[in-house]
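*Asks:* Order-wise, the sequence lines are chains W and D.
Under the numbering used here, residues 2 to 213 are what the first sequence spells out, in order.
Under the numbering used here, residues 7 to 394 are what the second sequence spells out, in order.
The hints are simulated quantities; they were obtained by calculation from the structure and are not laboratory data.
No experiment lies behind these values; they were computed from the predicted model shown.
Don't take each hint at face value.
Keeping only pairs whose Cα atoms sit at most 35 angstroms apart, straight-line, the calculated DSBU-like set for lysine-lysine is [stated by the list, open to error]: (1) K276(D) x K393(D); (2) K24(W) x K284(D); (3) K9(W) x K126(D); (4) K22(W) x K232(D); (5) K139(W) x K393(D); (6) K161(W) x K126(D); (7) K90(D) x K232(D); (8) K9(W) x K324(D); (9) K52(W) x K81(W); (10) K133(W) x K24(W).
Taking CB as the label site, the calculated pair distances span [stated by the list, open to error]: (11) V106(W) x A385(D): 19 to 29 angstroms; (12) K97(D) x S93(W): 53 to 63 angstroms; (13) R8(W) x K97(D): 52 to 62 angstroms; (14) L155(W) x L127(D): 19 to 29 angstroms; (15) K131(W) x A18(D): 52 to 62 angstroms; (16) N191(W) x D131(D): 29 to 39 angstroms.
The beta carbon of each residue, even a glycine, is placed where N, CA and C say it ideally should be.
Each chain, written out:
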Amino acid sequence: MSFPYTRKVLEHFRHPHNVGKMKNPDAVATEGSPACGDMVKLYLKVDKESKVIDDIKFESYGCASNIATGSIITDLAIGKTLEDAKKLNWKSAAEALGGLPAVKVHCAVLAVDALRTAVENYEHQHGLLKVKVPTDEKVVMKRLSRVINPLAGLDVVRTKVVQEVDVKNGIVTVYVELPEMHQFANNVKNEIIERVEPLWDVKEVRVIFRGE
Amino acid sequence: MKQKRIYLDNAATTRTDPEVVKAMMPYFTETYAVASSQFSHTPGLEAREGLDEAREIVAGKLNSSPEEIVFTSGGTEANNLALKGTAQAFKGKKDHIICSGVEHNTVLHSCQWLEQEGFKLTILDVNEEGFIDLDQLRECITDHTFLVSIQHGNQEVGTVQPIAAVGEICKENGALFHVDAALSFTQMDLDVNVLNADFITLSAHKIHGPKGVGGLYVRTGTELNKIFHGGYSEFDLRSGTENVAGVVGFGKAVQIAQPDHVENIRSLQKHLMDRLTKDIQHVIVNGPKDIEKRLPGNVNVSFDLVEGESVVLHLDMKGISVITGSACFSRSLEPSYVMMAMGFSHERAHGSIRFTLSRFNTMEEIDYAVESCNEVVEALRMISPLKK
Chain W
2 MSFPYTRKVL EHFRHPHNVG KMKNPDAVAT EGSPACGDMV KLYLKVDKES KVIDDIKFES
62 YGCASNIATG SIITDLAIGK TLEDAKKLNW KSAAEALGGL PAVKVHCAVL AVDALRTAVE
122 NYEHQHGLLK VKVPTDEKVV MKRLSRVINP LAGLDVVRTK VVQEVDVKNG IVTVYVELPE
182 MHQFANNVKN EIIERVEPLW DVKEVRVIFR GE
Chain D
7 MKQKRIYLDN AATTRTDPEV VKAMMPYFTE TYAVASSQFS HTPGLEAREG LDEAREIVAG
67 KLNSSPEEIV FTSGGTEANN LALKGTAQAF KGKKDHIICS GVEHNTVLHS CQWLEQEGFK
127 LTILDVNEEG FIDLDQLREC ITDHTFLVSI QHGNQEVGTV QPIAAVGEIC KENGALFHVD
187 AALSFTQMDL DVNVLNADFI TLSAHKIHGP KGVGGLYVRT GTELNKIFHG GYSEFDLRSG
247 TENVAGVVGF GKAVQIAQPD HVENIRSLQK HLMDRLTKDI QHVIVNGPKD IEKRLPGNVN
307 VSFDLVEGES VVLHLDMKGI SVITGSACFS RSLEPSYVMM AMGFSHERAH GSIRFTLSRF
367 NTMEEIDYAV ESCNEVVEAL RMISPLKK
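Take the sequences, apply the hints, and build the full model.
*Replies:* What follows is the structure, encoded as C-alpha cells:
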C-alpha cells in the first residue's frame, strides 16, 4: 500500500506523543491559524538551572503531517537544553519520521516553528538573550508577520490589517484596521498580544481597533 | 484478518456491478471486432448490435431516441464536447456562455478556456446551500448567449439545481441548455420530453458501470461541432474506435438500475444525516438541509475544531473510505472551490467530510461509520488548541 505518508508518520499521527494542554507552562507559542487549515500550540517547562526542557506538550488542529511533526519534534526536544533544542529544524523532524511529502512541508513546519518561538519567548522572558536588540517598529512588524488574518488566510501585515505600530518606553501600540465589533477582533487581539508580549523589553501591548 | 472495507466515496466512483462485468466479458475475447466493420464481416456486425442495444437502453432511460446518444470516453469528454463543440458551432454568431461556480472542473475549466479563446463567460453565484439564483440567470442571459451549462446535482454537497426552470429560461431566450447529469443519471428523473435540455452528460462508472465510458445526449437538430477528428463514428460527432465492451457494460448498468435502489439509498442517506447531526456535537450540514433537494446518497458535514484530512485518515484506518474539502487534502493546498463559492469560511471547508452512498451499502455500515466518526472527531477535538 503506498500512502504519501511513511509508516512512522502514520504511527505518530495515530498515537501522538506529548499531546495536550500544560498547566503553568514557562513558555507558550502558537503558529498557524484555522484559516490556513493548520495550527499548533506548544507549551514548555524549563529547568531554571540547567536550561533543560523538562516537559513539553503540544496541541494540534491540523492534518496528519502536522500532528506527526508535533509528536516527533516534542520527542526530540524533551531533555535537550534550549540551545540544542533551537538547532532542531524541519529536516530533523522529517528525517526522524522517515520522510514527509514535499507538498506537506507547509503543514509540518508549523510545529518546528512553534518550538523555536516558544524557546525564543522563554529567552526573552528570562533574560537569556545574548544580544538584546531593542524592540522597535521593525521588530514588532516582523513578529506580527506571523499572525494570520482569519479572513484571508494570509498574515496581517501582508493583508494590511496592521500598517502602523508605535513603540515607546516599553509600551507597544498596534493599530488594527478592523472594527472593534468584528467577529475575529478578539482572536486577532489575543494573537497579537501573544506574539509581542514576550519580547524582553516590552512591558505592555495595546491593541487599538480603528477599522470602519 | 483483512479489515472489511466500507466504501462511502461513491460520488468518486462506484463498484462495477458483477453483472456488468459479466456482460462485458464476451466483447473482449470473442466479439472483439470494431463496430465500424459492420459492412465487412459478421463479428463487426455483432459488435454493432452490442453497441446499438446499449444505445437503446441508455436512450430509453432518458426517454430520447437512440440517435441522440453519443458515446464518449466518460463524463469529462462529454462535457468538453458539449461546451467546446457548441462554441465552435456558434463561432462568429454568438459569443456568450453561462455556467455556475460549483460546476465540476471539467465544465468550469472548459468554460474558462473558452473565455481565454475570446468567448464571454458569466459564472453564476450560488447561495449557502449551493443553489443558483434563477433571477441572476434571467439578468445575465442575452441574445448573444449560445449555451447555459448547469449541473443536475453537485459532486460535493449534493445540491440538486432547478434544471427544469433553467431549461425554460434558456428556451425563452433562445439559448441551448447543457445539463451535467453524471451523478444523477438513473438516480433522479431525467426525461428529455419534460426537460428542455439540449445536451445531457452521462457517465457509466458513477452508476456501477465501467470506467472510461460515458455519453452525451444531443437533441436532434442541435448545432454541435466535433472536437475529436478522424473517422465517422457516433453519428460523426466523435471519432475514435468505439469502446464496445465499455458501452455494453454502461447499457447493462443502466438496465440494472431500479427505482427501489434509490429508495434504499435515500433511507441510508437519511439515517446517516440524522445520526451524524444528533450523535455528534457541533456539526453543520453542508448543502441543502432538505434531503429531497440533495442527490441520493450525498451527505456532507463539517465538524468544528478538527481538520478534515486527519478525520479521513483515521476513518481509513477503521476501514472507512470518505473524502474532505480541506486544503490539506488537495494538491493545490486550496480548500474546496465549491465550498468557497458557497461562501463558507476556510475552517468550515477544512472540517468538511463527504459521505456518498450506493446500493451496496448497508444500515450496519452506516451505523459503524457514525460511531467511528464520533470516536475520531472526539479524539481529534481533545488535542485541538481551539477547544474551549
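*Asks:* Each hint needs a verdict: does it hold in this structure or not?
*Replies:* Consistency of the hints with the structure:
1. K276(D) x K393(D): 29 angstroms, holds
2. K24(W) x K284(D): Measuring from Cα to Cα gives roughly 33 angstroms; hence the hint holds.
3. K9(W) x K126(D): 51 angstroms, violated
4. K22(W) x K232(D): With a Cα-Cα distance of about 63 angstroms, the restraint between K22(W) and K232(D) is violated, given a limit of 35 angstroms.
5. K139(W) x K393(D): 33 angstroms, holds
6. K161(W) x K126(D): 34 angstroms, holds
7. K90(D) x K232(D): 9 angstroms, holds
8. K9(W) x K324(D): The hint holds at about 18 angstroms.
9. K52(W) x K81(W): 8 angstroms, holds
10. K133(W) x K24(W): This hinted pair holds, its Cα atoms lying about 29 angstroms apart.
11. V106(W) x A385(D): 19 to 29 angstroms: 26 angstroms, holds
12. K97(D) x S93(W): 53 to 63 angstroms: 59 angstroms, holds
13. R8(W) x K97(D): 52 to 62 angstroms: 55 angstroms, holds
14. L155(W) x L127(D): 19 to 29 angstroms: Holds, at about 27 angstroms.
15. K131(W) x A18(D): 52 to 62 angstroms: Because 55 angstroms falls inside the window, the suggested range holds.
16. N191(W) x D131(D): 29 to 39 angstroms: 34 angstroms, holds
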